[in-house]
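2 protein chains.
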Amino acid sequence: MLYEILKEHDAQFYIQHSGDNNFYYATKFRIPNSAFYIIGIDGTDLLVVPEMEKNRASRESRVKEIASFTDLGYHERLKELKDSRKALAQTLIELLKTHKAKKILIPPNFPSFLTLDFLEHFEVEVVENPFLKMRAVKSGEEIEKIRDTSVAIIESFKLALELLKKGIRDCDELRNEIEMFLFGRGYLAQDTIVSSGKLSADPHCIGYGEIREHVVIDVFPKSRRHHYYSDFTRTVILDDCPEIEDMLDAVIEAQQKAISMVREGVTARDVHYMVCDVLEERGYHTIRKKYREGFIHSTGHGVGLDIHEEPRIFENEDALKAGMVFTVEPGLYYKKWGGVRVEDVVVVRRNGCEVLTEFPRKIDLRRV
Amino acid sequence: MLYEILKEHDAQFYIQHSGDNNFYYATKFRIPNSAFYIIGIDGTDLLVVPEMEKNRASRESRVKEIASFTDLGYHERLKELKDSRKALAQTLIELLKTHKAKKILIPPNFPSFLTLDFLEHFEVEVVENPFLKMRAVKSGEEIEKIRDTSVAIIESFKLALELLKKGIRDCDELRNEIEMFLFGRGYLAQDTIVSSGKLSADPHCIGYGEIREHVVIDVFPKSRRHHYYSDFTRTVILDDCPEIEDMLDAVIEAQQKAISMVREGVTARDVHYMVCDVLEERGYHTIRKKYREGFIHSTGHGVGLDIHEEPRIFENEDALKAGMVFTVEPGLYYKKWGGVRVEDVVVVRRNGCEVLTEFPRKIDLRRV
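The listed protein sequences correspond, in order, to chains A and B. Each residue of the first sequence is one higher than the one before, starting from 1 at the first, in my numbering. Each residue of the second sequence is one higher than the one before, starting from 369 at the first, in my numbering.
Next comes chain A alone, as it looks inside the complex:
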């Protein structure tokens, strides 16, 4: 795929910097420092790392050819230029020149200090990150990792329900119990949303204070072993709240209709518009009609090494592919009443989809 992109753009090199999961996906090497993965149309397939990471890189990375900045003359340039960024840029520029580079492709978030120096020697073009696109379609192995994290989420959510039944009514306490449970089993959940009352009208507020008539619980841990995320939300009814209950019924209907249409070939927009159709029919406002209350976010996002990745389930007309894994998470948010959301992770299959976070959607603890 990379060769095609290089040819298409008439470029000789693509450079991936460390610092996001595209680097890990491409190299299978995790590194806290600066490192670069360089792919050339001449067959170059090179990982450049700090000297002290070279041994680990040869053990852990799937890239065969590894050079250190030291090997490439970084320290001599640093002595001369007395500027670590200029020395790094020059080291990469010399390497690329040796390989007769004229045009370089970089991902959108590539560091600007390198880009500005590259521009003095090469043509530079930003392209959609090719690994980001590859990551959207998961391998069987990746799906099993997301399934593994999903199973842990459901277990943690069952614990949360038990604690709600026992009368726990503090957002922070419930969040802490969920996160401790997951950490002990090898999953890291941060900023778990446990939000109640009018605060829940803000979909990104993690919530605090007392749990009242309803609570939105949104858990999105990653495995500390294999690093894959999953994502799951339920809204629990604890006491009478007719507006919230009607919103929840609408969101559940929208989610079920949206999930039931997910299959290979359907577009992201079809799924998103199904959610909008159902919610609008039931009298709610949606982002499609530019409202700032009601359903005010996209229908979903890919889940994998990042909690938010491709595909985006919004107004884009990209056709879904078998193996894509994403959330379907309609919500309704009104300052006057609060918010509700229901979220599952699905895998696109040829003739439908599989829900990885299967769990009842309407949870009413009033009758307990």
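Quick caveat, the hints were computed from the structure, so don't treat them as lab data. Wrong hints could be hidden among the right ones.
[Said to hold, decoys possible] Heads up, incomplete: computed chain A residues facing chain B, CB under 7 Å, no partners named:
| id | residue |
| --- | --- |
| 1 | Tyr24 |
| 2 | Arg85 |
| 3 | Ile106 |
| 4 | Phe113 |
| 5 | Thr115 |
| 6 | Leu116 |
| 7 | Val126 |
| 8 | Ile143 |
| 9 | Phe183 |
| 10 | Leu199 |
| 11 | Asp202 |
| 12 | Cys205 |
| 13 | Gly209 |
| 14 | Gln256 |
| 15 | His297 |
Owing to the predicted nature of the structure, the values given are computational and were not obtained by experimental measurement. The beta-carbon is built from N, C-alpha and C at its ideal position, and this holds for glycine as well.
Using the hints provided, position chain B relative to the given structure of chain A.
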């Protein structure tokens, strides 16, 4: 400070993007999505966030003026350009043009897709991130947060020693006990190094397998409440290993001499060279003489919102300032024997320094 930088570079705006702790430091607002903090010589002090984050931004950020991308016409441009990155770039470009921008300053890691579009309308210059420099000198409040995390580390290390005394000899088990202990108290430790045998010759290998004659334990959690890190390493002797013990004695001597000279006005290089002097005198190789075994990394790094931040304690001649917080962590690494390291976090004071992670440096459990 920002106004001086703008004047010095004859620029009208500095733009800080979200996605690193400089954004949080500057705005006191955490956001997983794209957001921008724009400071202008005309008094502009503006936070630009997604529409759905506007309420939370006004509650949580210290920036008074907040606009959403929607407010600034992003959605109209998206409809026209059908490219979210182009639409975002145009939205910011129009905003900056309204404010008569001619030259823009950006931090080194600013996303290249924006920089390349900015270049069509403005002069663009990369500058050292001004917030990174500010962050190097901590306020009293920040020091107390790092002290808080340091206290938790020492507690977790005492637990690790108890477990070693009880006979636990598995790297993964010990790491897990340390990380669970910290998580339960509100601290997140990841990739805690528990490394033994020859594996410990690689300073960034987290370690696995059986704990043998010695073990390097390097714990660097951050608080899940206030988000400040601390960093601490001890090498524990468990059985006879004369080479390792001699290396450890050398490292402890180097560390103590380095710490004893830390005070305002001393340069980072003075501290780093003190470590090199002691280790070379004792017959070990150092990075100063370009060896790739022995002492092969810098002497230390700043600690705060990031685990690695300014100041760097290496060959740079920057003078230390009161309030700087950094590690002093000499180590020795030989493939033949393994590695040792001793690390503490210190606060620079006018006439010396304070060690935040005070704990005995030579730990010999053979006699237990």
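### Query
Going back to the hint list, which numbers does this structure go against?
Checked against the structure, the hints that fail are numbers 1, 8, 10, 13, 14, while the rest are satisfied.
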